[in-house]
Structures are given as C-alpha cells and as structure tokens.
Amino acid sequence: MSKTKEVVYGLYSDEQDLLKAVKVAKSGHMEIHDVFSPFPVHGLDPIMGLEESRLHIAGFIYGMIGALTAFLGMTWIFTKDWPIIFGGKPYWSVPAFIPITFETMVLFASIGMVVTFYIVCGLGPGVTNETLHDRLTDDKFAIAFNTYDVTVDSAKSFFNQTGASDVKVKVI
Amino acid sequence: MSAPVSPIRPPLIEGHKSYHDITNDLVSPTERAPDKSWYIAFLLSVTVLGFGIFCILWTIWHGIGTWNLNRTIGWGWDITNFVWWIGIGHAGTLISAILLLFRQKWRTGVNRAAEAMTIFAVMCAGLFPLIHMGRIWMAMFIFPYPNTRGPLWPNFNSPLLWDVFAISTYFTVSLLFWYTGLVPDFATVRDRAKGIRRKVYNFLSFGWTGSAKHWQRWEALSLVLAGIATPLVLSVHTIVSFDFATSVIPGWHTTIFPPYFVAGAIFSGFAMVQTLMIITRKILNLQEYITVEHIESMNKVIVATGMIVGVAYLTELFISWYSGYIYEQFAFFNRALGPYYWSYFGMMFCNVVSPLFFFSKKLRRNIKFTFFMSILINIGMWFERFVIIATTLARDYLPSSWSFYVPTWVEIGIYVGTFGLFFTLYLLFVRVAPVVAIAEIKSILKTAGDQYVGPNAIHSHVNVNQGGDFAHTSHNLDEDSYDSGDQAVATKAKTQHTASKSTITEDDLTKIEGIGPKISQTLKDAGIYTFSALQQSKLEDIQRILDKSESNFTGNNPESWPIQAKLAAEGLWTELDQLKDKLDGGRIA
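Residue numbers (numbering that gives the first Met the number 0), protein chains in the order written: chain A, 0 to 171; chain B, 0 to 588.
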C-alpha cells in the first residue's frame, strides 16, 4: 500500500497453463512482479524461485519464548514470590509445571505466527489491497509484470504467446 | 505437477465441477436470502438459548443451591456437560490438524464446518466451569496476573488450573486456525459482492489478494499450526482427564484416563460432525462436496475410536478387579449394578456395541443409519461422563453419606441452553461464511474430482511412474510438454463422456475368460471399468497394470482380453462363448 505501481497482467484459466507460462517467463528472464491464484498452486514456488517461508522459524522462537515465560514465571512465583507447600510436594515441582508450560508454548507460538503472517503479508483487519481482477479469487490465474521491469509491449507478446486472456495495464 | 494420487481413491467431488462451479455452489448459500426452514431453526435455537441464559442468570442470582448437587455429589450435570462439549470439540481439530498432517484429502470437505463446531462446542463447554464456580464475578481469580491480593497466585500444581490454560489455549488456537483458513474464502465472497456487502467482506478478508508469496506463507502457517494443534488437542483432553485422574477417588485415579478420554473425545466429536454434516449437506445442497465417501471415512474413525473406548472400559473393569483394592472394585460394581445401572448399560450399549455395526460397509455408507448412530453415540458419550462423575461420587467411602442425584430444571435448562447457543452460532456461521473451504476444495479438484478419477472420469489418464508407486493424473490429455520424460503412459482408459452419470455402469469384467474378481478389481482401480475401455486398452498397458499390482498375476496372460472385451462390448455373447471354448484359461491356444 506504500507505493503505487503500474502492472501489466494476463489471465489464465488453468493452473497448468499458468505454470507453463511462468516457466516461459523465467527462461526469458522476465522479472515477474507477482502471480495470483484462487488457491495455492503446487509446484509454483520453485519455478518462480520463491524462497521457502521462514514462518516456522519465527514460530519456534515464539514457542520457546512462551515456554520459558511460563516455566520461569511459575518457578519465580512458587520459589521466590510466594512459596506455598501443596500436598507436601517441593516448592519447585517441575512435573506439575509441564502442562502449563506446554500450553503457553503453543499459545505463544500460534498467536505469534499468525500475527507475523498478517504483518509480513501486509494483511489485517481494515486493510484494503487493490486486486487486479475479481475472478482471481474464483477461477482465474494471473501473472503480473511491473511495467518498470518489463515493457508493456513485451509483456503483451508474452501473454499472447502463452495464451493469456484479458491482458490489461493497471495501477495498484 | 499435480499432487500424487492413488487411482484407487474414489472421487471426493462429484458433479464434474469446474472451479467456477465450486465458487458458485459454495458461496451462494451466503448470498441468497435464507429460506423458511432456516428462520424456524434459528428462532427455535434463539428461544432455547434465551431459556438457557435465564437459567444461568437464575443460578447466578440464587446461587448453586438451585442445582441438586449435594455434599456427596459435588459434580453433576455441570461437569458432565463440560467434558461432553469439550470432547465434541476435539473432532474439529482432529479433522483440520491431524488429517492435514496425514494428507487426507477428504478433510477438505468437512474441515471448515468441523472447526466451527469445535469453536462453538468449546464456548458451550467453557460456560460450565465458569458458572460452576458459583461466584462468577470472581472468575478473574483463576488467571495469574499481578494483583492487589498479595499478589496471590493461582495454584499452578492443580489440574483445574491446567484446564484453564488448556481450554483457553485450545479455543484461541482453534479460532486463529479457523479464521486464517477463512480469509481467502472471504476474499472470494468479497470479489463477487457489491456495495455494503463488499465492504463488509473486504474487512473480513483482511485485504487478501491471492499472491503467490501469500499462499506460500499461508500454507506454511497452516502446516505449522496443524503441527502444534495436534499435540494440543491431545493435551487438552488429557488435562481434562487429569481433573479426575489426579484425585484419590476410586474409579477416578486410573492411569488409563488420558488415552481413554482422548479416544472418547474423538469418538463423540466425529459423531457430532456426522450429525451436523448430514443435516448441512442436505439443507445447503452440498451432497456433491460432502459425499458418501466423506461419511464413510468418518464412520471408519468412529468404529476405530469406539473400539479403543470399548477396550478402555473393559481394561478398567479388569484392573479394578485385579488391583485387589476393595474400594476400586466396589466403584465399578456400583457403576454397573448400583442405582445408576441404566446409565452404565446405556453407555456400554451406545459406545461399545453399537459402533460395531460400522464394520459393515453397507451400513457405513447408509446416511440414515449413520445419522441415527451419531445421535446414539452422542447420548452414549454423555452417559459415559455421567457414569464417571455422578455415579462414582454417589457411593463414596462412607455409606452414611451415600446419596442420589437428580438434576433440577435449572441444570437441565442450562444444558438445553447450550444447544441453543451452539445451534444459534452454527446457523449464523452457515449464513455468513462458506461452509466448505472453497480454496482447499479447488486445490484437490484435479486429484479428487469425479471428472478426473473414478468411474465417471472423462479425463482419466493415468501415468504410472515407472520407478514409483504413485500414479499421476493430469487433465491435459493432449499436451505432452510436461510430465513427459521417462514416464510411461500406461493406460488411456477413456470411458465415454456422457452427460448423465447413471448411464455409465461398470461392466462385469469377470465375464471375460482369464479375469477373476481380483484382476477385475485391479483393472477397475486403474480406471478400466467397461468392456469398451478394456477393448481400447493396449496389451502392454494391461500387462503393466497387472505387474504394478500388489498381487501376483504373473500366471495371467491378457492377450485375448481386448478381443473378448470387444465381443462383450458389442453384446455378442454367443460369439464370446464360442471364443471362450477355444481359449485355454484366457490364453490363445
């Protein structure tokens, strides 16, 4: 949403056509701005050269933070802040802390990951992103080139060659 | 490039749907005005919910004395209902998380509604511990926050507090998982809408565009959430079982409780999913997306978990006797033959005996029977919790304090009210959101749509990968630019494309000499259903199907089969018989 850019896009009706077209674009060294699809197209990421998402690493870190918060918090409370003997057990009764440690780990990991996901994708409540075409969440697949990287003419001949329809230039 | 698919898997999407058909079918229930049956159901649910709220307020105003709990039986319907609802919730997470990890495609038809069911069931469940506290305005005492009372902390060693953490985490994670799955579908609804409706769905869809990078992250997120929701769902009911298992009450402090509770939760949860799905698919006309295959798959889970529960019941009985501990022995004697014997036998019948009917494939695929069974199992699982809680407490160590417990109208009202809450929320959900996950259904269309796999396939084109066990289907028959390489095209079992499904019927391939029931099944699994398909198949393709099969068919020679199939396809039975006389076990003599 920060900067507007001008893109030229074409629509495909089938993910196999899309995959082939992306391959053609890649072999012709055309810089693809983005690809849009109504569902995750398998095999697209390696062809487009997208790196694997690092979201799971973030999730691991959040989970560790959660587990440590819970475990150290309970340790501090039951050994330093307000020690109480329950049923003759030691103050620092580690096995009894495990369920809460686990639950907090899961809670932190999932909330953290979901929030990170929406932030890095630039999505969230109240966000409006300009879409290229209303059928892109229905049954069409699009390749978009930034007109800064690829001229409109070469993009149009590419779309013509790969069988795309509805080739248009749009500012998003 | 499509995902690996086994040709023996039956189709999960019927009606030869295109992507656009899927969008239309699944979004349209949210676009048209609800019909009369929806209004009636909604009005009924809201009324029942209203009565439930009245009973809750009555309880809070007058105190827990309005319930029939007494000094001996301190937990009655409240905790029974709590455990029952929490258990129901488990199936949703199981379908969405565990089946995602196991790559079970049939989850896509039911996961959205099952997750919604989870969330609503956990809301109903959470109500009971809260009002059971008596002084609900002190509910914040259960959360550890720095307070002015010392600060005084909750007891982190208590399973009741673990429950607080487990259930609030479970609710939060389920909600996040569910909503993240909904975002792309809300975008689909948005892009079909106009005016104010478009604005509302734009807000709900969080500005989703369907960018490749977003999809990649979305899939990574779903997978990791599934990965952590799986141990979470197991932990939740484990911790619920700790409420009992860590006590010193005979019949409660058994180590079998955690696995037994988890299996029971999945068992009852799947029953509830069946109840809901059978109604939903009928009313919203989703029979092509929630097929008999889905129902059968869930029935298989029900029979498996039902048997785990049955084994747990019997193990408990055996161990109570084997322990040699008279209080434990008495607890189980009392459950079976005490004043609440009817709930014990109700439980045994509904949970142990009745699921065994699902060993019959015919009954597993019978929708009416499944619906009946799902209700029976829900009742049975409610009885189970009642047996564990009230029955056990009614006869404690001191015969002088033995008691009997019948719920008051307030307790019944609250329980009935949770149904009102559950169905009110569910009915709103089916109006607002697509009940079946649109994007996920689209992503399995080419591997599970009935135009690509199964007897009605029109694009059936099985590439048997020479080295691997999988076959790939891809629908572009005429294009060899991809998936070519060294993959051999094994069969082009083209069955005729006819508009009406019923006109294609499977032929009895065993009529051909040399084909027995086993080979016939193998051929059908590979996509050859009819005589004409067999006739068109090349000899080496048939041979390859036989070689690929797990069974050993090396003694069988298919050389005469296409010739025989030609006669059979044309209905020349006498000619076929004459030919058969000349053949020696299917070989050309």
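The hints are simulated quantities; they were obtained by calculation from the structure and are not laboratory data.
Wrong hints could be hidden among the right ones.
Far from chain A by the CB rule (all over 12 angstroms, computed), these chain B residues [claimed, not checked]:
| # | residue |
| --- | --- |
| 1 | N69 |
| 2 | L285 |
| 3 | R364 |
| 4 | N365 |
| 5 | N555 |
Going by beta-carbon spacing under 7 angstroms, a handful of chain A positions derived as facing chain B [unchecked claim]:
| # | residue |
| --- | --- |
| 6 | S26 |
| 7 | P37 |
| 8 | P39 |
| 9 | L49 |
| 10 | T68 |
| 11 | M73 |
| 12 | W81 |
| 13 | P82 |
| 14 | W91 |
| 15 | L106 |
| 16 | I118 |
| 17 | L122 |
| 18 | V126 |
| 19 | D133 |
| 20 | L135 |
C-beta atoms are modelled at their ideal positions from N, C-alpha and C, and glycine is treated no differently.
Against the structure, the hints come out as follows:
The Cβ of B:N69 sits about 26 angstroms from the closest Cβ of chain A, beyond the 12 angstroms cut-off, so the non-interface label holds. For B:L285, the non-interface assignment is confirmed: its Cβ lies about 18 angstroms from the closest Cβ of chain A, beyond the 12 angstroms cut-off. For B:R364, the requirement that its beta carbon stay farther than 12 angstroms from each beta carbon of chain A is met, with the minimum near 29 angstroms. The claim that B:N365 is not at the interface with chain A holds, since no C-beta of that chain comes within 12 angstroms of its own (minimum 33 angstroms).
B:N555, annotated as away from the interface, keeps every beta carbon of chain A farther than 12 angstroms; the closest lies near 36 angstroms. The beta carbon of A:S26 is not positioned within 7 angstroms of any beta carbon in chain B (closest approach about 13 angstroms), and the interface hint is therefore violated. At its closest, the beta carbon of A:P37 sits 6 angstroms from a beta carbon of chain B; the interface hint therefore holds under the 7 angstroms criterion. Given the 7 angstroms rule on beta carbons, the hint for A:P39 holds: about 4 angstroms separates it from the nearest Cβ of chain B.
At about 6 angstroms, the closest approach between the beta carbon of A:L49 and any beta carbon in chain B falls short of 7 angstroms, and the interface hint on this residue holds. For the restraint placing A:T68 at the interface with chain B, the shortest Cβ-Cβ distance is roughly 11 angstroms, beyond the 7 angstroms limit, so the hint is violated. The beta carbon of A:M73 comes within 5 angstroms of a beta carbon in chain B, closer than 7 angstroms, and the hint placing it at the interface holds. Given the 7 angstroms rule on beta carbons, the hint for A:W81 holds: about 6 angstroms separates it from the nearest Cβ of chain B.
Here the hint on A:P82 is broken, as its CB sits about 11 angstroms from the closest CB of chain B, past 7 angstroms. Proximity of A:W91 to chain B is violated relative to the hint, the smallest CB-CB distance being about 11 angstroms (cut-off 7 angstroms). With a least beta-carbon distance of about 4 angstroms to chain B, the hint placing A:L106 at the interface is held under the 7 angstroms criterion. With a least beta-carbon distance of about 11 angstroms to chain B, the hint placing A:I118 at the interface is violated under the 7 angstroms criterion.
Residue-level restraint check for A:L122 holds (minimum Cβ-Cβ distance to chain B is 4 angstroms; threshold 7 angstroms). For A:V126, the interface hint holds, the least distance from its beta-carbon to any beta-carbon of chain B being 4 angstroms, beneath 7 angstroms. Interface restraint check: A:D133 against chain B, minimum CB-CB distance 4 angstroms, threshold 7 angstroms, status holds. Interface restraint check for A:L135: the shortest CB-CB distance to chain B comes to about 5 angstroms, inside 7 angstroms, so the restraint holds.
In terms of the numbered hints stated before, the structure departs from hints 6, 10, 13, 14, 16, listed from lowest to highest.
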